[in-house]
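Based on the sequences and whatever the hints tell you, model everything.
Count along the sequence shown from 1, then add 1; that gives the number in my numbering.
Read the hints as simulated data drawn from the structure, not as lab findings.
Note that this is a predicted model, so its numbers are computed, not measured.
Wrong hints could be hidden among the right ones.
As the list claims (entries may be wrong) - Computed Cβ-Cβ distance ranges for the label pairs, DEER-style: (1) GLY67 x VAL229: 27 to 35 Å; (2) PHE233 x GLY65: 44 to 52 Å; (3) TRP177 x VAL225: 15 to 23 Å; (4) SER169 x TRP83: 41 to 49 Å; (5) HIS60 x VAL40: 46 to 54 Å; (6) LEU145 x THR168: 42 to 50 Å; (7) SER173 x PHE56: 41 to 49 Å; (8) ILE48 x SER173: 21 to 29 Å; (9) VAL183 x TYR81: 17 to 25 Å; (10) VAL75 x VAL40: 28 to 36 Å; (11) VAL40 x SER173: 38 to 46 Å; (12) THR172 x VAL229: 28 to 36 Å.
All residues carry an ideal CB built from backbone N, CA and C; glycine is no exception.
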Amino acid sequence: MQKVLLSTVAVLAMAGSAFAADLPSTKAPPPVYAPPPPVFTWTGFYIGVEGGGDFRNYHDNWTGNGIYKDAGLVGGVLGYNWQVNQFVFGLEGDAAAVLGGNRAYAYNDNFGGVVTVYNNTLNSNYAAAIRGRLGFAAWERALLYVAGGVAFGDVKVGYDNGVLLPTSYTTSRTGWTIGAGVDYAFTPNWITRIEYRYVDLGTGGYYNYGTFVNDGIRVTSNQVLGAVIYKFGGPAAEPVVAKY
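In C-alpha coordinates form, the structure reads like this:
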(Lines of atoms letter the chains of each structure in order from A; the text may use other names.)
(Lines give C-alpha, C1' and ligand atoms only; values in the text may rest on other atoms or scores of the structure.)
Protein backbone atom coordinates (compact mmCIF):
# COMPACT_ATOMS: atom_id res chain seq x y z
CA MET A 2 0.00 0.00 0.00
CA GLN A 3 2.86 2.33 0.88
CA LYS A 4 4.43 1.76 -2.53
CA VAL A 5 1.17 2.66 -4.24
CA LEU A 6 0.89 5.95 -2.34
CA LEU A 7 4.48 6.91 -3.15
CA SER A 8 3.96 6.12 -6.82
CA THR A 9 0.80 8.25 -6.88
CA VAL A 10 2.56 11.23 -5.29
CA ALA A 11 5.43 10.99 -7.81
CA VAL A 12 3.03 10.89 -10.77
CA LEU A 13 1.11 13.93 -9.45
CA ALA A 14 4.36 15.90 -8.94
CA MET A 15 5.50 15.21 -12.50
CA ALA A 16 2.09 16.18 -13.88
CA GLY A 17 2.12 19.47 -11.92
CA SER A 18 5.57 20.33 -13.24
CA ALA A 19 4.47 19.69 -16.82
CA PHE A 20 1.33 21.82 -16.32
CA ALA A 21 3.35 24.71 -14.87
CA ALA A 22 5.72 24.57 -17.82
CA ASP A 23 2.76 25.00 -20.18
CA LEU A 24 1.56 28.19 -18.42
CA PRO A 25 2.50 31.57 -20.04
CA SER A 26 5.47 33.33 -18.49
CA THR A 27 4.63 36.16 -16.08
CA LYS A 28 8.13 37.69 -16.16
CA ALA A 29 7.88 41.49 -16.69
CA PRO A 30 9.63 43.01 -19.76
CA PRO A 31 12.76 45.01 -19.08
CA PRO A 32 11.95 48.60 -18.09
CA VAL A 33 12.43 51.42 -20.59
CA TYR A 34 15.03 53.86 -19.37
CA ALA A 35 14.12 57.43 -20.32
CA PRO A 36 17.07 59.72 -19.61
CA PRO A 37 16.34 63.22 -18.35
CA PRO A 38 15.93 65.80 -21.11
CA PRO A 39 19.22 67.45 -22.12
CA VAL A 40 19.98 70.75 -20.44
CA PHE A 41 19.10 73.66 -22.75
CA THR A 42 22.00 75.84 -23.85
CA TRP A 43 22.03 79.19 -25.64
CA THR A 44 25.32 78.36 -27.36
CA GLY A 45 25.08 78.17 -31.14
CA PHE A 46 24.28 79.97 -34.37
CA TYR A 47 20.81 81.37 -34.99
CA ILE A 48 18.83 83.07 -37.75
CA GLY A 49 15.43 84.71 -37.75
CA VAL A 50 12.99 87.34 -38.95
CA GLU A 51 12.16 90.55 -37.11
CA GLY A 52 9.74 93.44 -37.34
CA GLY A 53 8.31 96.31 -35.35
CA GLY A 54 7.97 100.05 -35.05
CA ASP A 55 10.51 102.78 -35.81
CA PHE A 56 9.80 106.13 -34.15
CA ARG A 57 12.22 108.64 -35.70
CA ASN A 58 13.14 112.22 -34.97
CA TYR A 59 14.71 114.28 -37.77
CA HIS A 60 16.18 117.47 -36.32
CA ASP A 61 16.74 120.19 -38.95
CA ASN A 62 19.75 122.27 -37.91
CA TRP A 63 18.75 125.19 -40.13
CA THR A 64 15.21 125.59 -38.85
CA GLY A 65 15.71 124.07 -35.42
CA ASN A 66 12.59 121.99 -35.94
CA GLY A 67 12.14 118.41 -34.86
CA ILE A 68 10.21 116.37 -37.42
CA TYR A 69 8.81 113.09 -36.15
CA LYS A 70 8.06 110.08 -38.30
CA ASP A 71 6.50 106.75 -37.33
CA ALA A 72 7.46 103.88 -39.62
CA GLY A 73 7.59 100.11 -39.69
CA LEU A 74 10.60 97.77 -39.78
CA VAL A 75 10.72 94.35 -41.49
CA GLY A 76 13.95 92.41 -41.82
CA GLY A 77 16.19 89.58 -40.66
CA VAL A 78 18.72 88.77 -37.94
CA LEU A 79 21.77 86.47 -37.75
CA GLY A 80 24.07 85.79 -34.83
CA TYR A 81 25.99 83.49 -32.50
CA ASN A 82 25.74 82.99 -28.73
CA TRP A 83 28.23 81.45 -26.33
CA GLN A 84 27.01 80.45 -22.85
CA VAL A 85 29.27 80.21 -19.81
CA ASN A 86 27.31 79.10 -16.74
CA GLN A 87 24.39 81.56 -16.64
CA PHE A 88 26.11 84.26 -18.70
CA VAL A 89 25.67 84.49 -22.48
CA PHE A 90 27.98 86.42 -24.81
CA GLY A 91 26.98 87.03 -28.40
CA LEU A 92 27.56 88.85 -31.66
CA GLU A 93 24.62 89.74 -33.88
CA GLY A 94 23.88 91.51 -37.15
CA ASP A 95 20.52 92.58 -38.52
CA ALA A 96 19.06 94.60 -41.37
CA ALA A 97 15.53 95.84 -42.02
CA ALA A 98 13.59 97.87 -44.53
CA VAL A 99 12.02 101.08 -43.20
CA LEU A 100 8.38 101.21 -44.28
CA GLY A 101 6.08 104.18 -43.88
CA GLY A 102 6.45 106.68 -46.71
CA ASN A 103 7.88 110.18 -46.79
CA ARG A 104 7.54 112.71 -43.98
CA ALA A 105 6.66 116.11 -45.41
CA TYR A 106 6.92 119.45 -43.63
CA ALA A 107 7.01 123.12 -44.57
CA TYR A 108 8.74 126.18 -43.16
CA ASN A 109 9.10 129.87 -44.04
CA ASP A 110 12.42 131.58 -44.65
CA ASN A 111 12.94 135.37 -44.71
CA PHE A 112 15.95 135.88 -46.97
CA GLY A 113 16.68 139.51 -47.92
CA GLY A 114 13.19 140.61 -46.95
CA VAL A 115 11.58 137.97 -49.18
CA VAL A 116 9.55 135.28 -47.47
CA THR A 117 9.91 131.92 -49.16
CA VAL A 118 7.95 128.80 -48.31
CA TYR A 119 9.93 125.56 -48.38
CA ASN A 120 8.21 122.20 -48.75
CA ASN A 121 10.62 119.56 -47.52
CA THR A 122 10.45 115.77 -47.42
CA LEU A 123 12.38 113.30 -45.34
CA ASN A 124 12.63 109.56 -45.79
CA SER A 125 14.76 106.53 -44.85
CA ASN A 126 14.99 103.24 -46.68
CA TYR A 127 16.87 100.87 -44.38
CA ALA A 128 18.20 100.33 -40.87
CA ALA A 129 20.97 97.92 -39.89
CA ALA A 130 23.30 97.21 -36.98
CA ILE A 131 26.17 95.03 -35.75
CA ARG A 132 25.93 94.57 -31.99
CA GLY A 133 27.58 92.76 -29.16
CA ARG A 134 25.27 91.13 -26.62
CA LEU A 135 25.63 90.33 -22.93
CA GLY A 136 22.90 88.21 -21.40
CA PHE A 137 21.93 86.48 -18.18
CA ALA A 138 19.93 83.24 -18.25
CA ALA A 139 17.67 84.06 -15.33
CA TRP A 140 15.73 80.86 -16.05
CA GLU A 141 16.74 77.96 -18.26
CA ARG A 142 14.67 79.15 -21.23
CA ALA A 143 14.59 82.94 -20.60
CA LEU A 144 17.51 85.21 -21.48
CA LEU A 145 17.66 88.84 -20.33
CA TYR A 146 20.22 90.84 -22.30
CA VAL A 147 21.66 94.23 -23.20
CA ALA A 148 23.15 94.94 -26.61
CA GLY A 149 25.04 97.76 -28.26
CA GLY A 150 27.18 98.51 -31.27
CA VAL A 151 27.36 100.22 -34.63
CA ALA A 152 24.20 101.36 -36.45
CA PHE A 153 23.75 102.05 -40.15
CA GLY A 154 21.03 103.79 -42.13
CA ASP A 155 20.27 106.37 -44.78
CA VAL A 156 18.43 109.68 -44.98
CA LYS A 157 16.87 111.24 -48.05
CA VAL A 158 16.25 115.00 -47.83
CA GLY A 159 14.23 116.77 -50.49
CA TYR A 160 13.13 120.40 -50.70
CA ASP A 161 11.18 122.62 -53.08
CA ASN A 162 10.84 126.39 -52.67
CA GLY A 163 8.77 126.92 -55.80
CA VAL A 164 11.60 128.92 -57.43
CA LEU A 165 14.40 126.46 -58.07
CA LEU A 166 13.96 122.95 -59.35
CA PRO A 167 13.16 120.45 -56.58
CA THR A 168 16.36 119.03 -55.14
CA SER A 169 17.02 115.93 -53.05
CA TYR A 170 20.04 114.37 -51.34
CA THR A 171 20.48 110.84 -50.02
CA THR A 172 23.24 110.20 -47.49
CA SER A 173 24.33 106.99 -45.80
CA ARG A 174 24.87 107.25 -42.07
CA THR A 175 26.93 105.41 -39.47
CA GLY A 176 26.10 105.87 -35.81
CA TRP A 177 25.58 103.87 -32.65
CA THR A 178 22.84 101.93 -30.92
CA ILE A 179 22.09 100.51 -27.48
CA GLY A 180 19.16 98.52 -26.18
CA ALA A 181 17.81 95.65 -24.09
CA GLY A 182 15.42 92.77 -24.48
CA VAL A 183 14.41 89.24 -23.57
CA ASP A 184 14.67 86.00 -25.55
CA TYR A 185 12.48 83.02 -24.66
CA ALA A 186 13.08 79.51 -26.04
CA PHE A 187 9.73 77.72 -26.21
CA THR A 188 11.44 74.66 -27.78
CA PRO A 189 15.13 73.64 -27.90
CA ASN A 190 15.39 75.32 -31.31
CA TRP A 191 12.68 78.01 -31.59
CA ILE A 192 13.03 81.35 -29.81
CA THR A 193 10.85 84.44 -29.55
CA ARG A 194 12.15 87.92 -28.77
CA ILE A 195 11.00 91.37 -27.75
CA GLU A 196 13.43 94.29 -27.42
CA TYR A 197 13.89 98.05 -27.38
CA ARG A 198 16.69 99.97 -29.13
CA TYR A 199 17.84 103.57 -29.20
CA VAL A 200 19.66 104.58 -32.40
CA ASP A 201 21.65 107.75 -33.13
CA LEU A 202 22.73 108.17 -36.76
CA GLY A 203 24.38 111.54 -36.19
CA THR A 204 24.14 114.66 -38.35
CA GLY A 205 24.58 114.60 -42.11
CA GLY A 206 25.07 117.84 -44.04
CA TYR A 207 24.07 118.97 -47.50
CA TYR A 208 24.19 122.27 -49.38
CA ASN A 209 20.80 123.96 -49.49
CA TYR A 210 20.64 125.84 -52.79
CA GLY A 211 17.51 127.59 -51.65
CA THR A 212 19.17 129.32 -48.71
CA PHE A 213 22.78 128.98 -49.94
CA VAL A 214 23.92 127.52 -46.63
CA ASN A 215 25.10 124.17 -45.39
CA ASP A 216 22.18 122.44 -43.74
CA GLY A 217 22.14 119.28 -41.67
CA ILE A 218 19.66 116.74 -40.39
CA ARG A 219 20.32 114.79 -37.20
CA VAL A 220 18.51 111.47 -36.98
CA THR A 221 17.65 109.59 -33.79
CA SER A 222 15.27 106.69 -33.42
CA ASN A 223 13.41 104.63 -30.84
CA GLN A 224 12.72 101.12 -32.08
CA VAL A 225 10.51 98.39 -30.62
CA LEU A 226 11.08 95.02 -32.27
CA GLY A 227 9.86 91.46 -32.05
CA ALA A 228 11.50 88.42 -33.65
CA VAL A 229 11.08 84.71 -34.28
CA ILE A 230 14.43 82.91 -34.31
CA TYR A 231 15.66 79.40 -35.12
CA LYS A 232 18.70 78.22 -33.16
CA PHE A 233 20.78 75.43 -34.68
CA GLY A 234 21.43 72.53 -32.32
CA GLY A 235 21.23 68.73 -31.83
CA PRO A 236 18.00 66.75 -31.26
CA ALA A 237 16.86 65.55 -27.85
CA ALA A 238 18.12 62.13 -26.69
CA GLU A 239 15.97 59.07 -27.46
CA PRO A 240 14.79 56.67 -24.69
CA VAL A 241 17.13 53.70 -24.14
CA VAL A 242 15.90 50.15 -23.39
CA ALA A 243 17.75 48.65 -20.45
CA LYS A 244 19.48 45.31 -21.09
CA TYR A 245 19.93 42.55 -18.53
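Taking the Cβ atom of TRP177 and the Cβ atom of VAL225, is their distance within the range 15 to 23 Å? holds, 18 Å
Range agreement (Cβ of TYR81 with Cβ of VAL183, hint 17 to 25 Å): holds, 19 Å
Verdict for VAL75, VAL40 (Cβ pair) under range 28 to 36 Å: Holds: the Cβ-Cβ distance is about 35 Å, inside 28 to 36 Å.
Looking only at beta-carbon atoms, does the pair SER169, TRP83 fall within the given range of 41 to 49 Å? Given a distance of about 45 Å, which is inside 41 to 49 Å, the answer is holds.
So the hint says 42 to 50 Å: do the beta-carbon atoms of LEU145 and THR168 match that? holds, 47 Å
Cβ-Cβ distance between SER173 and PHE56: within 41 to 49 Å? Between SER173 and PHE56, where Cβ atoms are some 21 Å apart, the hint is violated.
Measuring from beta carbon to beta carbon, are HIS60 and VAL40 in 46 to 54 Å? holds, 49 Å
Assuming the hint says 28 to 36 Å, is it satisfied by the Cβ distance from THR172 to VAL229 or not? holds, 33 Å
PHE233 versus GLY65 beta-carbon gap, inside 44 to 52 Å or not: Between PHE233 and GLY65, where Cβ atoms are some 50 Å apart, the hint holds.
Tell me if the beta carbons of GLY67 and VAL229 are separated by a distance inside 27 to 35 Å. holds, 34 Å
Quick check: does the Cβ-Cβ distance between VAL40 and SER173 fall within 38 to 46 Å? holds, 44 Å
For the range 21 to 29 Å, tell me whether the beta carbons of ILE48 and SER173 fit it or not. Given about 25 Å between the Cβ atoms, the range holds.
Of the numbered hints given earlier, the model fails hint 7 alone.
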